[in-house]
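Could you build all of it, start to finish, from the sequences and the hints given here?
For the record, the sequence lines run as chains G and S. For the first sequence, the working numbering assigns the number 1 to the initial residue and increments by one for each residue that follows. For the second sequence, the working numbering assigns the number 1 to the initial residue and increments by one for each residue that follows.
Hints are computed from structural coordinates only; laboratory data are not their basis. Values in this document were obtained by computation on a predicted structure and should not be read as measured data. Please note: incorrect hints may appear among the correct ones.
[Claimed, not checked] Think about it this way: if two alpha-carbon atoms lie no more than 27 Å apart in a straight line, the pair counts; the simulated BS3-like pairs of lysine-lysine are: (1) G:Lys60 x S:Lys183; (2) S:Lys75 x G:Lys60; (3) S:Lys193 x G:Lys60; (4) S:Lys183 x S:Lys193; (5) G:Lys60 x S:Lys60; (6) G:Lys293 x S:Lys60.
There are 2 protein chains.
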Amino acid sequence: MRLADRMQQIQPFFVMDLLARARELEAQGRSIVHMEIGEPDFPTPSPIIEAGRQSLADEKTHYTPALGLPSLREKIAEYYQSEFNLAISPKRIIITPGASGALQLALAVLVNPNDKVIMTDPGYPCNRHMVRLFEGDAINVPVDAESQFQLTPELLDQYWSDDTVAAMIATPSNPTGTRIDKKQMRALIEKMKEQDGLLIVDEIYQGLVYDVENFTALSVSNDIVVINSFSKYFGMTGWRLGWMVVPEALVDAIDRLSQNIFLAPSTPAQYAALDAFSSKSMDIMHARRDEFKRRRDYLLPALKALGFKITAEPQGAFYIYADCSQISNDSFQLSNDLLEKAGVAVTPGKDFGEHKANQYLRFSYTQPIEILQQGVERLTIFIQNSTRGAV
Amino acid sequence: MRLADRMQQIQPFFVMDLLARARELEAQGRSIVHMEIGEPDFPTPSPIIEAGRQSLADEKTHYTPALGLPSLREKIAEYYQSEFNLAISPKRIIITPGASGALQLALAVLVNPNDKVIMTDPGYPCNRHMVRLFEGDAINVPVDAESQFQLTPELLDQYWSDDTVAAMIATPSNPTGTRIDKKQMRALIEKMKEQDGLLIVDEIYQGLVYDVENFTALSVSNDIVVINSFSKYFGMTGWRLGWMVVPEALVDAIDRLSQNIFLAPSTPAQYAALDAFSSKSMDIMHARRDEFKRRRDYLLPALKALGFKITAEPQGAFYIYADCSQISNDSFQLSNDLLEKAGVAVTPGKDFGEHKANQYLRFSYTQPIEILQQGVERLTIFIQNSTRGAV
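Structure, rendered in structure tokens:
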């Protein structure tokens with residue numbers, strides 16, 4: 001069967017094979033420590049679950065408007081007000097089937113064939129595939145620990161060309177957990193204005209920041225697209241619900257497109273999410289954030305002590321992007337060895353791009369500290385054995 | 001803000017403005033009979049709702065695999081076995097975020113820029129927009145009551161060109177409620193084989209057929225893509241859950257793409273849908289189908305008596321596509337007049353294409369018979385007045 005050309009560039013996540021192999025080993029009775037999963041271990045907070053259950057009991061199962069329940073759009077606007085002291089019109093807030101749906105809508109209304117979109121390498125792999133989906137070209141800019149694995153105004157200048165229409169950044173970022181502070185954000189937005197391109201800011205890990213201020217790029221500018229999600233901070237991964245805030249000039253086009261490609265976001269998810277901003281839910285989210293911080297504060301020095309180099313301090317999300325070159329210069333092989341020989345699953349750098357990918361592993365701290373400790377013990381033994389040449 | 005060129009062709013549903021105006025009139029206290037809505041008036045059957053509520057109580061809120069819960073894929077395979085006596089491997093069954101998600105996946109893995117996809121005019125409007133989304137060209141084939149508003153082998157021959165890669169059909173169809181019988185299906189599939197193109201069969205109204213055999217195109221061939229949904233027959237519109245059955249050669253590409261653009265379909269929706277095939281749920285669905293039949297059997301002769309020409313008998317879905325040329329030769333204006341002057345909301349033909357669109361209105365029978373009767377009374381008075389020249 002002949003496939004469309006784009007399918008040659010749209011790759012699976014390599015970690016999927018690893019996960020399948022891990023499940024196989026577990027079925028054989030092996031214990032595996034999962035540090036590869038980009039999903040909180042916690043279920044959805046109970047007040048949100050209850051709101052979802054109640055809406056089902058009330059038979060709220062019909063379509064909502066394509067842009068989402070007006071009441072949910074208003075709740076999100078109130079959240080920007082209370083959390084960031086920002087007045088965002090609910091009209092500019094669009095509810096989507098996950099942040100993935102938001103990204104699809106944003107790129108489909110903006111990107112013509114062969115248009116270029118700048119993003120980081122390493123970065124979230126779906127971004128470049130989504131640009132390819134609409135026949136655009138992702139420009140993968142190699143970034144390193146020196147710039148916190150983030151774009152800079154200088155890099156934007158360097159990689160910009162006449163057919164570049166947008167740049168994407170993520171703060172905190174997957175896979176690095178690094179963020180962009182207000183000053184850097186202002187400089188990036190200034191540069192984008194100069195280049196007359198649209199900045200798309202992925203804030204899906206917003207709220208999951210440790211020791212630093214929680215802020216949104218919307219406090220710097222309204223002329224950007226901000227993508228957010230109920231998945232990570234609000235613990236609603238499986239519900240597939242996200243949102244984006246867009247300049248008012250984009251709302252009509254996004255409405256048209258969303259009607260056609262999604263009809264509407266999930267109704268039960270939207271009714272459940274109405275409770276996501278309640279004080280009861282927020283208390284749970286704050287406690288979880290504190291727990292993620294404790295995990296990071298445990299795992300970060302532990303990995304460093306094992307010889308992983310982590311020079312760009314992760315300040316958010318639940319990831320550590322660790323340079324493993326002192327242990328191996330083939331992180332893909334290393335991730336396979338760690339699974340088979342040590343029973344530890346981690347994600348190889350090549351899932352996030354090509355730039356120095358073979359030097360890096362991503363560790364997720366989406367497991368309780370006791371499990372992370374077990375993982376570290378196994379890593380310790382593995383590394384001791386391998387430096388002795390026993391592996 | 002510069003939009004992508006595709007947005008010039010991706011139109012909103014015209015009925016959306018009409019619906020907004022209807023809501024406005026209702027807010028002013030006017031009574032409106034809604035015969036424009038393409039969604040069952042019934043909520044999700046209670047056993048399905050209960051299964052969804054239970055899964056939430058069990059905290060099943062994490063991601064599922066991109067292709068869907070294995071247990072749900074198996075349930076659907078069992079359904080093909082029990083309902084159609086067909087053995088379909090669960091591997092070929094892919095769970096999607098609505099039939100919209102299925103259509104997106106199917107087209108994205110198949111359609112290169114400028115590739116052509118044949119479809120009917122009139123037809124479901126999102127189809128041509130979805131092809132445009134991926135830079136393909138929809139070839140809208142004018143069809144009339146003579147061919148039951150369906151494609152024929154002759155039409156396929158006539159409109160096929162070297163860069164045509166696929167054809168789309170829908171049975172029962174929106175907006176016409178007409179279907180394709182087994183003999184016609186066989187002829188279409190033969191022709192597609194001859195042309196070496198892929199047939200995409202929309203079966204989302206499957207099960208909603210009256211007086212005729214319920215069948216699937218899969219009983220004729222495995223080398224086609226069949227799109228189905230939990231929305232219409234199973235009454236799960238707001239949950240956004242569908243499925244498709246594809247040739248095994250397409251599964252890997254669709255898996256890769258779904259991972260990247262959706263991550264996974266909704267978890268609560270999938271757990272709820274596990275109950276969709278239970279005998280309790282099926283009993284409810286059968287009773288609803290019988291009710292839809294009663295409504296059609298009432299509305300069809302009533303519309304004919306009013307002067308609407310309906311020459312292609314609707315045998316499924318919940319739509320009647322009525323030729324209104326004896327009343328008006330501008331169905332768009334007529335739909336507006338019916339709303340404003342008669343308090344009846346219907347969908348204008350131009351939402352479904354261009355071919356004779358100004359002669360047609362789509363009536364949905366997604367309201368109880370008493371309401372439909374009220375609508376018919378209002379139509380009667382409106383038509384009497386307008387033939388007297390009073391309107």
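| message | Taking the earlier hints as the rules, which of them does this structure contradict? | response | Structure breaks hints 1 and 3.
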